Amino acid sequence: MKNGNIIHVKNLTKTFGDFTAVDNISFQVGKGEVFGFLGANGAGKTTAMKMLIGISKPSSGEAQVAGFDVKSQAEKVKRSIGYMSQRFSLYNDLTIRENITFFGGIYGLKKSDIKTKSQNLIDELDLHDEADKLVGSLPLGWKQKVAFSVSLLHDPQIIFLDEPTGGVDPITRRKFWEMIYREAHKGKTIFVTTHYMDEAEYCDRVSIMVAGKIEALDTPKNLKEKYKVESMNQVFLKLARNIE
Amino acid sequence: MILELKMNTIRYIIQKEFKQIFRNKAMLPIIFVLPLIQLAILANAATFEVKNIKFGYIDNDKTSLSRELIEKFNASTYFNVLTDFPSHIIADADMLEGQVDVVLEIPLHFERNLLKEKKTDLSVRINAIDGAAAGVENVYVNRIVQQFNQKVRTELLLVGENINKLQNIATIPSFWYNETLNYKTFMVPGILVLLVTMITLFLSGMNIVREKEIGTLEQINVTPIKKYQFIIGKLFPFLILGLVLLTVGLIIAKLLFDIPIVGSILLMYGYSIIYILVILGMGLFISNFTDTQQQAMFIAWFFMVIFILMSGLFTPIESMPNWAQVLTEFNPIKYYVQVMRMVMLKGAGFSDIYQQLLKTLAYALIMNALAVYSYKKVT
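Protein chains in written order, with the working numbering: chain A, 1 to 244; chain B, 1 to 379.
Calculated from the structure, these hints are not laboratory results. Hints should not be assumed to be uniformly reliable.
As the list claims (entries may be wrong) - Calculated from the model, a selection of chain B residues having no Cβ within reach of chain A, i.e. all distances over 12 Å:
id : residue
1  : I37
2  : E105
3  : T120
4  : E213
5  : I225
6  : S319
Claimed, not checked - Taking lysine-lysine pairs in the DSSO-like style, the calculated list, with each CA pair at most 30 Å apart, reads:
id : chain 1 : residue 1 : chain 2 : residue 2
7  : A       : K110      : B       : K227
8  : B       : K212      : A       : K133
9  : A       : K115      : B       : K359
10 : B       : K226      : A       : K115
11 : A       : K213      : B       : K376
12 : B       : K54       : B       : K227
13 : A       : K110      : A       : K221
14 : A       : K110      : B       : K226
Stated by the list, open to error - What follows is a set of in silico ranges between Cβ atoms, one per label pair, in the way DEER data are often shown:
id : chain 1 : residue 1 : chain 2 : residue 2 : range
15 : B       : Q38       : A       : G166      : 41 to 47 Å
16 : B       : K226      : A       : G166      : 28 to 34 Å
17 : A       : L140      : B       : Y373      : 45 to 51 Å
18 : B       : Q295      : A       : E178      : 53 to 59 Å
19 : B       : W301      : A       : G166      : 33 to 39 Å
20 : B       : N8        : A       : G42       : 39 to 45 Å
21 : B       : A26       : A       : R174      : 48 to 54 Å
22 : A       : K111      : B       : Q38       : 40 to 46 Å
Just so it is clear, the structure is predicted and the values come from calculations on it, not from any experiment. Note that the Cβ used here is the ideal one computed from N, Cα and C, for glycine as well.
Okay, chain A solo, but in the shape it has when bound (with noise of 0.2 Å):
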């Protein structure tokens, strides 16, 4: 792994039947980066972080995520990422503590960690009147806070989100963006992806994806600079279009 990369990306493609979801993509993620992975809908960037996460094999190409490999070595890369879906992944039907304790519990930490971990939890998140109850009762920002925290259980080096922050408000959008400076700091590395460029104004660097490729990537200024924008919204639009 040369200085510090942990997520190394070569010629990555998937394809399904004649489709090509991904096509021919390289990258490198840095430890600690605020990666910010952008794309329109249907561009491929969820495809693409499926297979980063262990759970779609590559067609081609090669990846490696915290030095291990994904296609030979997807179990080892689920235990030092965490992952949050764009689909909500909490169970509705279980409280805030347990869903803790069922995912702490199936990554393997030890009862009293559980314990410790989830009591940190709701204090941090100050939910000690609603760990209790059912996680479908939730307001949709809290389920989101919720499922982030429960991502961080096992303490993963890579934190994977999937448009985290999709249809809640931009009060919370901002404390969401909070947690994960927090997370940051601490040296995880954050691989998101999202609609809204004003998030993406958030993060280290920046890949647009379109039609399955990568289009640009750099650090939002240098993107801006490059295309002489005001916003990465600009940037964003002027590269979809020119595709178009």
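Based on these hints, arrange chain B on the given structure of chain A.
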């Protein structure tokens, strides 16, 4: 230490499944109450006894002997004597409409022929749309006519006859294992099998696919959980549920229907555990292959119907065509019905059922291996 960790992971899944089952306020009564209602209804209704046969007659003779014959039918509990048809044309029309099942026609000069020529003919018409029932009805009619025949011979025809000619051979059947020929005794163990099978197959069949639908399966798949841990964790709660259901069913069978339980309870539960594992493995296998609960339900029903109808529960396997009999070898319900009947009614021991036991065990291993294999963490 490592083994302990693996067991722990399974324990967390089991815990979670139980919580979800007991939290689902709509499902719990469906799981426990509906099957028991079914047991109460089916045990009384699912009978092969042919009773209340709609019986009509055409009496062209109208003598004391002909009336005596009809009286015999009247006295029988199997026949519901409905009408005296004036002609067979009307009788035929009524049979076409389903008003009558059996029509007996007594010819003119019935009494005279019987007394003078010592023989006469009767005509019997039976609605044979249900062939099995028609066969049984024919036997009943014959038996009554024979009894009548014998009585007539002893009472009227003996004058001048050689008494030695009358042979008095009577068979006295003794019915084993179900002395009173009670259909409930025969049916209830089988119906119990159905209930346990249906509930466990449907619940397990819909379980994993449900997690697929709501998206939590993806979250499970990103964890380093082992495939077999996941499947065992899913199996165990439904195994317990199936056994509880069996227990409640057995208690009802005993209290409500007074079904004998002659054999070893331990053996019955031992076999039941292996059997339920077959069904659960099958359910999880279906669940892994489908994308929606609806699909899973349809496939589960498909197998359920074939398994039930080819289990020997409602129709004897011996009377199926050869190819169908071969197919029943792969029917786990068939073995369970056999074992439950043998153990409950005959008191069969381990050596009597070990063949079924071995086959079921092999089935359980195969189905669960398939369930583990078909669960794909990577697509």
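Would you pick out the hints that fail for this structure and give their numbers low to high?
4, 5, 9, 12, 13, 17, 18 and 21
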